[in-house]
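Protein chains: 2
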Amino acid sequence: MNSPLIRACRREPVPYTPVWFMRQAGRSLPEYRRVREGIAMLDSCTRPELVTEITLQPLRRYDVDAAILFSDIVVPLRAVGVDVDIKPGVGPVVGRPFRDVSDLSQLRPLEPGDVPYITEAVRALVGELAGRPLIGFAGGPFTLASYLIEGGPSKNHERTRALMYGNPAMWHALLGRLADITTAFLRIQVAAGATAVQLFDSWVGVLSPGDYASAVLPHSRRIFDALAGLGVPRIHFGVGTSELLRLMGAAGADVVGVDWRVGLDEAARRVDAGKALQGNLDPALLLAPWPVLEPRVRQVLDQGRVAEGHVFNLGHGVLPQTDPGVLARVTDFVHEASAWAVKP
Amino acid sequence: MNSPLIRACRREPVPYTPVWFMRQAGRSLPEYRRVREGIAMLDSCTRPELVTEITLQPLRRYDVDAAILFSDIVVPLRAVGVDVDIKPGVGPVVGRPFRDVSDLSQLRPLEPGDVPYITEAVRALVGELAGRPLIGFAGGPFTLASYLIEGGPSKNHERTRALMYGNPAMWHALLGRLADITTAFLRIQVAAGATAVQLFDSWVGVLSPGDYASAVLPHSRRIFDALAGLGVPRIHFGVGTSELLRLMGAAGADVVGVDWRVGLDEAARRVDAGKALQGNLDPALLLAPWPVLEPRVRQVLDQGRVAEGHVFNLGHGVLPQTDPGVLARVTDFVHEASAWAVKP
Chain A
1 MNSPLIRACR
11 REPVPYTPVW
21 FMRQAGRSLP
31 EYRRVREGIA
41 MLDSCTRPEL
51 VTEITLQPLR
61 RYDVDAAILF
71 SDIVVPLRAV
81 GVDVDIKPGV
91 GPVVGRPFRD
101 VSDLSQLRPL
111 EPGDVPYITE
121 AVRALVGELA
131 GRPLIGFAGG
141 PFTLASYLIE
151 GGPSKNHERT
161 RALMYGNPAM
171 WHALLGRLAD
181 ITTAFLRIQV
191 AAGATAVQLF
201 DSWVGVLSPG
211 DYASAVLPHS
221 RRIFDALAGL
231 GVPRIHFGVG
241 TSELLRLMGA
251 AGADVVGVDW
261 RVGLDEAARR
271 VDAGKALQGN
281 LDPALLLAPW
291 PVLEPRVRQV
301 LDQGRVAEGH
311 VFNLGHGVLP
321 QTDPGVLARV
331 TDFVHEASAW
341 AVKP
Chain B
1001 MNSPLIRACR
1011 REPVPYTPVW
1021 FMRQAGRSLP
1031 EYRRVREGIA
1041 MLDSCTRPEL
1051 VTEITLQPLR
1061 RYDVDAAILF
1071 SDIVVPLRAV
1081 GVDVDIKPGV
1091 GPVVGRPFRD
1101 VSDLSQLRPL
1111 EPGDVPYITE
1121 AVRALVGELA
1131 GRPLIGFAGG
1141 PFTLASYLIE
1151 GGPSKNHERT
1161 RALMYGNPAM
1171 WHALLGRLAD
1181 ITTAFLRIQV
1191 AAGATAVQLF
1201 DSWVGVLSPG
1211 DYASAVLPHS
1221 RRIFDALAGL
1231 GVPRIHFGVG
1241 TSELLRLMGA
1251 AGADVVGVDW
1261 RVGLDEAARR
1271 VDAGKALQGN
1281 LDPALLLAPW
1291 PVLEPRVRQV
1301 LDQGRVAEGH
1311 VFNLGHGVLP
1321 QTDPGVLARV
1331 TDFVHEASAW
1341 AVKP
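Order-wise, the sequence lines are chains A and B.
Quick note: the first sequence uses the working numbering, first residue 1, plus one each step.
Quick note: the second sequence uses the working numbering, first residue 1001, plus one each step.
Quick caveat, the hints were computed from the structure, so don't treat them as lab data.
All of these numbers come straight from a predicted model, not from anything done at the bench.
Beta carbons are placed, not taken as given, at the ideal position from N, Cα and C, and that holds for glycine.
Hints may be right or wrong, so weigh each one.
[Unchecked claim] If you anchor each label on the Cβ, the simulated ranges turn out as follows:
#1 B/Gly1210 to A/Gly89: 27 to 35 Å
#2 A/Asp302 to B/Leu1056: 53 to 61 Å
#3 B/Val1306 to A/Gly113: 52 to 60 Å
The shape of chain A in the complex, shown without the other chains:
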């Protein structure tokens, strides 16, 4: 696979900066809202034809350099039998939040037979994509644990941190099981043809570096190590992780995702050598007029040149109220402006 995205992840020269957008598929697209009508979120993630259609929708609008499998981070949890659903306007809601060690029995290993729809959708997508990369998708161990412990979305994840501090034995047992499930979920996607993977440890930025290093990193490292031999770039992303960038790379990622709170030039100084970066336009900038937006896109490209490799993306997911026309314009602008930049 010689696409610009894969080359940038491997820190090889690229003809232009590759670009994709977290949540490029989903609520910002009218055609997404149409196909989802009357279908619950987790149902849409388990119907291969819908997963395929939704994953491909943004590629019909934008000249992005990758598709990302449409899924939800709780899909593998539900697949192993956890009582979890996505409540519209709320997010994941867990029937029996995890409180003590006995709750760990809700988590068993994930087998390919648990998620046949994933294998089917990925295979169909790889055929449709004709060489364009497909990024596999999974939630990171802290973020998955936070949903199971809080019982749903949470602003500050205090119950999660309290359990992490107060019951390290249960914490490590829980994250160990989640790491196994995530590893299996990503292996299944790669086996079916995914050409890169992104681990979304979205909420891990609530931890200090010391706590991240002892409580989360060993589990993320097991996931990345298990994928090391598969030849696919591994991207690692979380929000508000400016203090954790080095560690999130050191966990075994090839590419470290950066949110908008720190420039890519500074991020490049924080990660170890041998890492590419992904990011980091503030998604709220997509709601601003083009004369405000354009110099900020250019700034991300300029700062990204300090990194050994750069995949242009947002610093978090596309907001539902985003105009798809703006994403199309940003995509083309990134390609053109970065192609000019490498010319003599």
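Could you slot chain B onto chain A? The hints should help.
For chain B alone, coordinates are given in the frame of chain A:
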């Protein structure tokens, strides 16, 4: 005023590290829940006898080195006529969220006559406190703006950032008015006897340093400058602000509050010379057993020694489920451990 708290804020030698806790008054105390029964939050903030009682409650339990005026950051907004209320379990809810410049007419200057209950409560408290410092309380301009723009609490403040990027004229007009209101609110508290002030720009950590410097700092600086001649230490706090610490100090604070995501030793390296630090125990640690908690308290004290002055506090407010007995124990431990540390 020669108390340890004021001395630490001024980076003078102290007999022991002073300590107080954000939200030390409030939901974690059964006596608070009793006096609040049947009384709406904003009503409780406008009855001087209740404000006084609630502010003093934690001082009957803990040997903390300061009281902080019990209030809410929307109190001055409601006092100038903004249709805002605190919805139990939700937070501030604004009747007519700010969308365009015409909404600015909802904000007029704050006069002492708008908040007689504040003057009365502060005077009563200063009498009761017999020399122990009373910290005045106000919300910072970004955080106040975020409630007015979002219409209520928000996870990522996207509407706020979108308005900041997309309509800088309205943004600066809004923050200018909020800075005037906040300045007046804090002046009233100091005039009545408050011996320090804390500006809570709680949610400003969603901004990058560049955006903070251009969009918020000038307004915060006006607030701090207006208080400069009053002789009270000025504390400046926000959550997730590890990238902003230098700027939040440079805005004119004497003391920079730090959340738990970055150690005080590292924070001390990030702020300019001439700043004290406040913080930064993770409030979720108070839910852990003492053998877990004690070394973390000690670590905060150790790292705090790198700062020119250190006020022990949490990295954010006391969680409602916190055992008051633990806060009492932490208070005593901080005093004892830090007193030992300065002895030969």
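Structure-based check of all given hints:
A hinted range of 27 to 35 Å for the beta carbons of B/Gly1210 and A/Gly89 is consistent with their spacing of about 33 Å. Against the hinted window of 53 to 61 Å, the Cβ-Cβ separation of A/Asp302 and B/Leu1056 comes to about 55 Å, which satisfies the hint. The given range of 52 to 60 Å is respected by B/Val1306 and A/Gly113, whose C-beta atoms sit roughly 55 Å from each other.
Comparing the model with each numbered hint stated earlier shows that all of them hold.
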